[in-house]
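Model the full assembly from the supplied sequences, consistent with the hints where possible.
Number of protein chains: 2
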Amino acid sequence: MLIKELGGEFALIDRIAKNPRDKNVIISIGDDCAVVDLMNGKLMLQTVDMLVENDHFSRRYFSPYDIGWKAMISNVSDIASCGGTVKYALISIALTSDISVEFMDEFYRGVYDAAEKYQFDIIGGDTTHGDLMSISITLTGETTKENLRLRSDAKAGDLIAVSAPLGGSTAGLKLFLKNIEGHENVKKYHIHPECGMDLLPQILPLSHAMTDVSDGLASESRNIAKRSSLSAHIDKSAIRLSEGIAETAALLGDDPYDYALFGGEDFALVYTVSPEKASEIKGYIVGELKEGEGVYIDGKKITRFGYDHFA
Amino acid sequence: MLIKELGGEFALIDRIAKNPRDKNVIISIGDDCAVVDLMNGKLMLQTVDMLVENDHFSRRYFSPYDIGWKAMISNVSDIASCGGTVKYALISIALTSDISVEFMDEFYRGVYDAAEKYQFDIIGGDTTHGDLMSISITLTGETTKENLRLRSDAKAGDLIAVSAPLGGSTAGLKLFLKNIEGHENVKKYHIHPECGMDLLPQILPLSHAMTDVSDGLASESRNIAKRSSLSAHIDKSAIRLSEGIAETAALLGDDPYDYALFGGEDFALVYTVSPEKASEIKGYIVGELKEGEGVYIDGKKITRFGYDHFA
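Line order of the protein sequences matches chains A and B.
The numbering of the first sequence is this note's numbering, which starts it at 1 and goes up by one.
The numbering of the second sequence is this note's numbering, which starts it at 1 and goes up by one.
Some hints could be false.
[Unchecked claim] 25 Å max Cα-Cα, derived PhoX-like pairs, lysine-lysine:
{"#": "1", "chain 1": "A", "residue 1": "K117", "chain 2": "B", "residue 2": "K18"}
{"#": "2", "chain 1": "B", "residue 1": "K145", "chain 2": "B", "residue 2": "K18"}
{"#": "3", "chain 1": "B", "residue 1": "K23", "chain 2": "A", "residue 2": "K117"}
{"#": "4", "chain 1": "A", "residue 1": "K226", "chain 2": "A", "residue 2": "K4"}
{"#": "5", "chain 1": "B", "residue 1": "K178", "chain 2": "B", "residue 2": "K188"}
{"#": "6", "chain 1": "A", "residue 1": "K145", "chain 2": "B", "residue 2": "K42"}
{"#": "7", "chain 1": "B", "residue 1": "K282", "chain 2": "B", "residue 2": "K117"}
{"#": "8", "chain 1": "A", "residue 1": "K236", "chain 2": "A", "residue 2": "K226"}
{"#": "9", "chain 1": "B", "residue 1": "K282", "chain 2": "B", "residue 2": "K145"}
{"#": "10", "chain 1": "A", "residue 1": "K226", "chain 2": "A", "residue 2": "K277"}
{"#": "11", "chain 1": "A", "residue 1": "K226", "chain 2": "A", "residue 2": "K290"}
{"#": "12", "chain 1": "B", "residue 1": "K117", "chain 2": "A", "residue 2": "K23"}
{"#": "13", "chain 1": "B", "residue 1": "K188", "chain 2": "B", "residue 2": "K282"}
{"#": "14", "chain 1": "A", "residue 1": "K300", "chain 2": "A", "residue 2": "K290"}
{"#": "15", "chain 1": "A", "residue 1": "K145", "chain 2": "A", "residue 2": "K23"}
{"#": "16", "chain 1": "B", "residue 1": "K236", "chain 2": "B", "residue 2": "K290"}
{"#": "17", "chain 1": "B", "residue 1": "K4", "chain 2": "B", "residue 2": "K226"}
{"#": "18", "chain 1": "B", "residue 1": "K117", "chain 2": "A", "residue 2": "K18"}
{"#": "19", "chain 1": "A", "residue 1": "K42", "chain 2": "A", "residue 2": "K117"}
{"#": "20", "chain 1": "A", "residue 1": "K178", "chain 2": "A", "residue 2": "K188"}
{"#": "21", "chain 1": "B", "residue 1": "K300", "chain 2": "B", "residue 2": "K155"}
{"#": "22", "chain 1": "B", "residue 1": "K42", "chain 2": "A", "residue 2": "K23"}
{"#": "23", "chain 1": "A", "residue 1": "K236", "chain 2": "A", "residue 2": "K155"}
{"#": "24", "chain 1": "A", "residue 1": "K277", "chain 2": "A", "residue 2": "K145"}
{"#": "25", "chain 1": "B", "residue 1": "K42", "chain 2": "A", "residue 2": "K42"}
{"#": "26", "chain 1": "B", "residue 1": "K23", "chain 2": "A", "residue 2": "K42"}
{"#": "27", "chain 1": "B", "residue 1": "K145", "chain 2": "A", "residue 2": "K42"}
What the hints contain is simulated information worked out from the structure, not anything from laboratory work.
Here's what the structure looks like:
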């Protein structure tokens, strides 16, 4: 049976997951990070992302600096979405024989710029050869029980808030894939994303559940709804689109809200708040959580979610 | 400049390493694991390995079970060589579209068998698509200051001990690469290795410096000698060869000691002990450490070491 016949990567993950033997493991598989109680007042967060050339980035339009930057930011975003700060990174990388030392210098300049911005250390890694460039970044972060934010922490009646405009990364990717010149302001969303870590101090006091936009707002809303045993109801017109992407979508004949809902890699934080705190939020409200299950956009239940690598 | 012109993967690692800002980081780059003082009496160990299809394993002769097993054991060996036990694993994997659910079930059976044997938990990972199968395993372990063993801890006059016979993995690999039928006892060293973790309780009270045989005894002796600012002197005839590989070497016209010295992936522990403890060791003595620098085999200084992926 092929993985796509099983139901894609999420079905595979459910199939292979086992309950941990260590009672200090609070979360293993199923959230943005694994969470372990260190029994010293701190929780350890761990996250890992594998990026493979052509699937996740292309040397045709990514500079080596941007590959390094984005590889780090996508993981920093996972730590942020669990309410933590980053402490340590491991960088595991397979390089093709044609990659130059100058390429690696630039790659690591991107890596270290992200580490400098978020004040963490690169403490190890593995550098080897492969016939395709692959990068796996492991981040270890920390938080406290008070600050830990999980997908499963939403309450019925919570509003769904998003920390930043959406859709930019997918719009930028589409411009690259269609070889359209110019539009650098939009392309930048794809090759040099930012994440929501900077907003964490303001979001933490308000938020219940939290995740980040890796796979599009529809998929992330489902993650929160499913893990919290609720249904998510999104008001499409409330979504704020990344600046400039309405023009990109018009040029390409797309609906720009599809980029926001079904694209991904915008790395905004998606979090839930009780209605009485709606006026204090950072970002904007896109919907609410109710009893029931599933994801509804403008009242219509959807069955299509974000990108699945095996669908 | 190509990476091989710079001097290969080790030269690249030296070039990119920076001193960590966090004073609790005891070791970042340069040993088998990164080491962080958790300030609760425990040290956290972290190690990561990237395995890429065709470079590090082949589906032609590795069962999916064995890919999973070996990916874990090679990392468990790194934790053992720092004097620690394994706590948590993250599994980051890129799969080609043709990989079946049954393949992944078998891969994870190998992964979980290793986790069961060494009593640790798989707490997270990333599963994605790639045009080449890539696996990156991150292990987090723990030890104490008393039990931490580093490459840099050797003393002049120490003897070099090895925990198990060597050369089996390279002999097995050569049989596969040359499509030679049979010799399953030797091939097993390559596809289903064991590591030295089980011997750790006996080795810890005796050992000063320690590492594991990832890249051959010559390279690992250099790692200890260099980090301890000493020279390593190996007596070739003292090396114990894995059972059956003398026949393999005779068949292939090789010197079996080359497999042990310049091959790798035997995952034995290499450690140093003071001469007065020589009678108590697990394994056997292959040489000693003296003042000076470099690696000498039977009195002759060598310039060729283990396999470099970019050499």
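To see whether the hints hold, each was checked on the structure:
Of the pairs offered as hints, the one joining K117/A and K18/B holds, with about 15 Å between alpha carbons and a cut-off of 25 Å not exceeded. With a C-alpha separation of about 23 Å, the suggested pairing of K145/B with K18/B holds against the 25 Å cut-off. The straight-line distance between the Cα atoms of K23/B and K117/A is roughly 18 Å, inside the 25 Å bound, and the hint therefore holds. With a C-alpha separation of about 21 Å, the suggested pairing of K226/A with K4/A holds against the 25 Å cut-off.
Proximity of K178/B to K188/B is assessed by CA-CA distance (about 16 Å); at most 25 Å being required, the pair is judged to hold. Proposed proximity of K145/A and K42/B is supported: the alpha carbons are some 20 Å apart, at most 25 Å. Under the criterion of a C-alpha separation no larger than 25 Å, the hint pairing K282/B with K117/B is consistent with the structure, at around 21 Å. Among the hinted pairs, K236/A with K226/A is consistent with the structure: their alpha-carbon atoms are about 20 Å apart, no more than 25 Å.
The straight-line distance between the Cα atoms of K282/B and K145/B is roughly 22 Å, inside the 25 Å bound, and the hint therefore holds. Only pairs whose Cα atoms come within 25 Å are accepted, and K226/A paired with K277/A is accepted, the gap being roughly 23 Å. With a C-alpha separation of about 11 Å, the suggested pair K226/A and K290/A falls inside the 25 Å cut-off, and the hint holds. In summary, the hint linking K117/B to K23/A is supported, as the alpha carbons are separated by about 18 Å, within the 25 Å threshold.
The hinted pair formed by K188/B and K282/B meets the criterion: a straight-line CA distance of about 23 Å does not exceed 25 Å. For a cut-off of 25 Å, the pair hint linking K300/A to K290/A stands: about 14 Å separates their Cα positions. Distance check on the hinted pair: K145/A and K23/A sit about 15 Å apart at the alpha-carbon level, within 25 Å; holds. Under the criterion of a C-alpha separation no larger than 25 Å, the hint pairing K236/B with K290/B is consistent with the structure, at around 17 Å.
The hinted pair formed by K4/B and K226/B meets the criterion: a straight-line CA distance of about 21 Å does not exceed 25 Å. For the hint linking K117/B to K18/A, the alpha-carbon distance of about 15 Å falls within 25 Å, and the restraint holds. At most 25 Å may separate the alpha-carbon atoms for a hinted pair to count; K42/A and K117/A meet this at roughly 23 Å. Restraint check for K178/A and K188/A: satisfied, since their Cα atoms lie roughly 16 Å apart, inside the 25 Å limit.
At most 25 Å may separate the alpha-carbon atoms for a hinted pair to count; K300/B and K155/B meet this at roughly 21 Å. The hinted pair formed by K42/B and K23/A meets the criterion: a straight-line CA distance of about 18 Å does not exceed 25 Å. Distance check on the hinted pair: K236/A and K155/A sit about 21 Å apart at the alpha-carbon level, within 25 Å; holds. Of the pairs offered as hints, the one joining K277/A and K145/A holds, with about 22 Å between alpha carbons and a cut-off of 25 Å not exceeded.
A threshold of 25 Å between alpha carbons decides the hint, and for K42/B with K42/A the separation of about 14 Å falls inside it, so the pair holds. Taken as a hint, the K23/B and K42/A pair is honoured in the structure, with Cα atoms around 18 Å apart against an allowance of 25 Å. Our distance criterion of 25 Å between C-alpha atoms is met by K145/B and K42/A, whose separation comes to about 20 Å.
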